[in-house]
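Going down the list, the protein sequences come from chains A and B.
Using the working numbering, read the first sequence as starting at 410 and increasing by one per residue.
Using the working numbering, read the second sequence as starting at 856 and increasing by one per residue.
Simulated from the structure, these hints should not be mistaken for laboratory data.
Small disclaimer: the values here were computed from a predicted structure and weren't measured.
Using N, Cα and C, we set each Cβ at its ideal position, and we do this for glycine too.
Be careful, since some hints might not be right.
As the list claims (entries may be wrong) - The following residues of chain A were derived to be distant from chain B, with all beta-carbon distances above 10 Å:
| # | residue |
| --- | --- |
| 1 | Y463 |
| 2 | G469 |
| 3 | G483 |
| 4 | R492 |
| 5 | D524 |
| 6 | I537 |
| 7 | G539 |
What the hints assert, rightly or not - Computed footprint of chain A on chain B, listed as stretches where at least three residues anywhere in the stretch have a Cβ under 8 Å from a Cβ of chain A:
| # | segment |
| --- | --- |
| 8 | 977-983 |
| 9 | 1354-1368 |
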Amino acid sequence: MLTVQNLHKAYPMGKTTCEVLKGISLEVGDGEFVAVMGPSGSGKTTLLNCISCYLPADAGSIRLNGGELTRLRGDALAAVRNRRLGFVFQDFLLLDGLTVRENILLPAIIGGTADAQAEARADRLCAIFGIAAIAQKYPAEISGGEKQRTAVARALINEPLLILADEPTGNLDSKSARAVIRSFEQAKAALGATIFMVTHDSYAASFCDRVVILRDGVVWRTLGRERRERAAFQDALLDSIREMGREGA
Amino acid sequence: MTDFSSVYAALRRRSRGQYALLAGCCFFSVLLITAYVCVMRAPTVLAVLPEGGDSRKQVMMIFALAAVGCAVFTTYAAGLFFREKSRETGVFLALGATRAQLRRELFRELAVLAFGACAAGAALGAPLAWLLWQVFRLFVADSAEMALTFDPRAMLLALAFCLYVAAVLFLLGGRSVARTDVIDVVHESHKSEPIRAVPRWYGWGGILLLCVGGFLGYQVPSFCVLVLHWYAPEGLTAIFYLPALAGLYMILLHTVVNGWGRRRHRYRDLIATSMMKFQGRQTVRSMLVMTLLIAGAYFASFYAPMLGVNAMLSYDARPADYAYHWRADQDIPQEDEVRALAEQYGVTLTSWTQAGMARLAVDGYASVEHEGSLGVTWEEEYRERLCSDLFLSESAYTALTGEPLDLAPGEIAGVMDAQGEGQGVFGGTATLVTNCATGETWPVTTVEPLRNDLLFGRFVLDDGDYARMTAGLPADWRETQVFFNVQNCADTYDFAGALFNEIVDRSDPAVALFDAWDPVVREQEIAQNGYYWCDPEYLEENGLEAIDYAQRDSSDFRLYWQYMPQFRVLDKADFVRTMAVFLVLFIFIAVVCFAAVFVIAFTRCATIALLNRQVYDDLRRLGAPDAYLRRSARGQVSRVFLVPALTGTGLIYAFYTMILYFNGDPAGISPGEAAGMLACLAIIAAVSLLQYAVYRLTLRRVCKTLSIG
């Protein structure tokens, strides 16, 4: 599904450059729910932005279902963002002037596929994520958790190959965060969605099939949940993070 | 909702405020500019503003200021609009919208908005100008020549401004869609506009640059003409004002970022100061535009009091209530007829003096202009007959003025005005005098000038010289000057009007001459060019109205007829009517500029409030009481109003004083000008009160936006 190979990215910092991604390689399989964790500055968000094609990579390859993303430009890039990728942002990025249902339909409207089928799909997503009752409300009238579930539904409206989520629980209380993670699980279970999520939150990451831990721009360790209970997996994640902290000290 | 256009329409409905603000700013700018150009290019106004004259230059200069102000204001409003819209654009791009898709929708919106705002502004500009003009006619001054007509070609200037507005909208709109960094676009609206650290020397350095620029900008054109003998293009000499503009910007930056003096309570105004600082460049730019507009508005406002006070003082200072002169070949009412007319009106003459004058040619240096690669240059060329002036004998001068005078043979004395000024208009010196009828010449020596407002521009000769030099002159080279006084001058308006009409009625067309008409210059010009620009048939070609006895109440006639009587009561009473177009024009300009200032200040403050609503909510959560929040809001609003008001007012007052000083002939400020400057202070006080009212209104609106009770 998603293959990242030897990805490099540096930012100019005055007269020098700061290399944020130093040759990252990873893979995400079809229907997999993968999280990326790591301390601040480890390159998580930069990695996600490169995969989303929001930032151009300096070197390396990002392939989605065999298609190279790093070379895409203009309308081809827009088409990939619209139909093959779905996005969930930390601060939701819902449009205040549209209702919840209209926000969900937005990618379909942009792609010119907002027909009766899309509307039915939007209604189904509302039902799955428990936001049917607020479908006609505006973002300013709903809670943070509801906003993020709306964003998840929006990400799924065009049935993308991959959902990219950037700290989706970062702005939420624990109850709302749990609801959002549950919505990802539902998307995976009911719709077969593949999800790639960047998070700080070990609780959110513990729901994933696999967690990639970054440190200083490289993959430090990859942990698979396998058959472990969620709580045990979270403990294992916390142990790894503590271990990384000791190594860094 | 199934297509992208309907999404845009829905978002537009929810962001009505933003669209209204942008449309309002565009509409207002176009409205003001259209109203201004309609008046500036109106035949009514052009007829009284001589081409190439100072008044027309001033009107153009203030128009340039207003146009720059409105252009910056519109650009700022457009920038703000796209900044607020950037989040929406970023979300669309992030969700896979193509730039072409976004551009199509945005440009469709902008086309409607630009066309609507510009068309409405352009359509209402002329009616607004007409309405304001009529209000001024009703309440300020009115005369026959005040009937306002428009030149449709003025709309071309308005159209040019509309095109600028549309270009800015499409350019900034296109740029906002063309940006490639989606994340940056999404977060654009949250970014502050920090100013780089501003060194403290910016304050004094700015003042220095302002003074240097103001001085150079004003003096360089004179230097070019007088020293380099070169009429430098105005665009070139205007460059010397640039240091003043840079200095002004530095002063405003220093004021916003550092502030003047050390704060005693460092933390008291922390919020207001810091927020102001991080509103950044836009605040300083708005302030700069406001400062320039305030300066322009005051410059226009000062016109009426300066002209009025100066004129009234000079009328009062005249040594005689009534003065008039006529060419000896004219049948003009003399003492018996005047006394009889006075009797009819119940007016008592208390004195009557009349004396003969004669027109003689004087020598001097003419400026001969050459068109070259650098533009027009000039050189001095000595001419035995440079022009003609009116000469009086010393006894005639004494009879008219009561001042004893004894000139030696061969001596002449020029008459300056009562303050001893006027050398720029009347040289007052000569070394050779010629009787143009006989061709005889006499060398003369110029002595200390005399002072008299009513005889300004004449020469006085020794009695013997006068008799000798004027012998053989025909009647059309001789004149008679009359001074007389009356009892209760202020009550003799009807008599003055009747006498004025009698003089005009009995003057024949041969003396319907423009003030500058000179028989000696005419002879030379006809010999050289085949025509004389000051002859009545050529005046209109030179942008001047011919003297027409039927238009005796027009300002052109009253200001430029060579034989215009000087009757104190008539001049005083008719001053406003005579100068009506000038007065109303400059009042109109001032009103337009001040309106622009108020709208810019109001919009800027409203924007600051909108952008900082979150900060005030946070402060409230931290426990800040309403009084604290109000003080903080007041700190920002007052700065937006106060800094440009103080800077613009101080700047123009100093600049105006400098102009008056250097315009003095010799340099200096006359008592009339000093009184005029005092009257200008009264104008400043009145406008400041108005500014304060707008400030209070704005503060109330800002507090409402920030939910401060």
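Structure-based check of all given hints:
Not every CB of chain B lies more than 10 Å from the CB of Y463 (chain A), the least distance being 5 Å, so the non-interface label is violated. For G469 (chain A), the non-interface assignment is confirmed: its Cβ lies about 19 Å from the closest Cβ of chain B, beyond the 10 Å cut-off. In this structure G483 (chain A) is not separated from chain B by more than 10 Å, as the shortest Cβ-Cβ distance comes to only about 7 Å. The non-interface label for R492 (chain A) is inconsistent with chain B: the shortest C-beta to C-beta separation is roughly 7 Å, within 10 Å.
A beta-carbon of chain B is positioned within 10 Å of the beta-carbon of D524 (chain A); the least distance is around 7 Å. For I537 (chain A), the shortest C-beta to C-beta distance to chain B comes to about 20 Å, beyond the 10 Å cut-off, and the non-interface label holds. For G539 (chain A), the condition that its CB be more than 10 Å from all CB atoms of chain B holds, with the nearest at approximately 23 Å. Against chain A, the segment 977-983 of chain B contributes 0 residues with a C-beta closer than 8 Å to a partner C-beta. That does not satisfy the three-residue criterion, and the hint is violated.
With a threshold of 8 Å between beta carbons, the proposed coverage of the segment 1354-1368 of chain B by chain A is violated, since 0 of its residues qualify and at least three are required.
Taken one by one, the earlier hints fail for this structure at numbers 1, 3, 4, 5, 8, 9, listed in ascending order.
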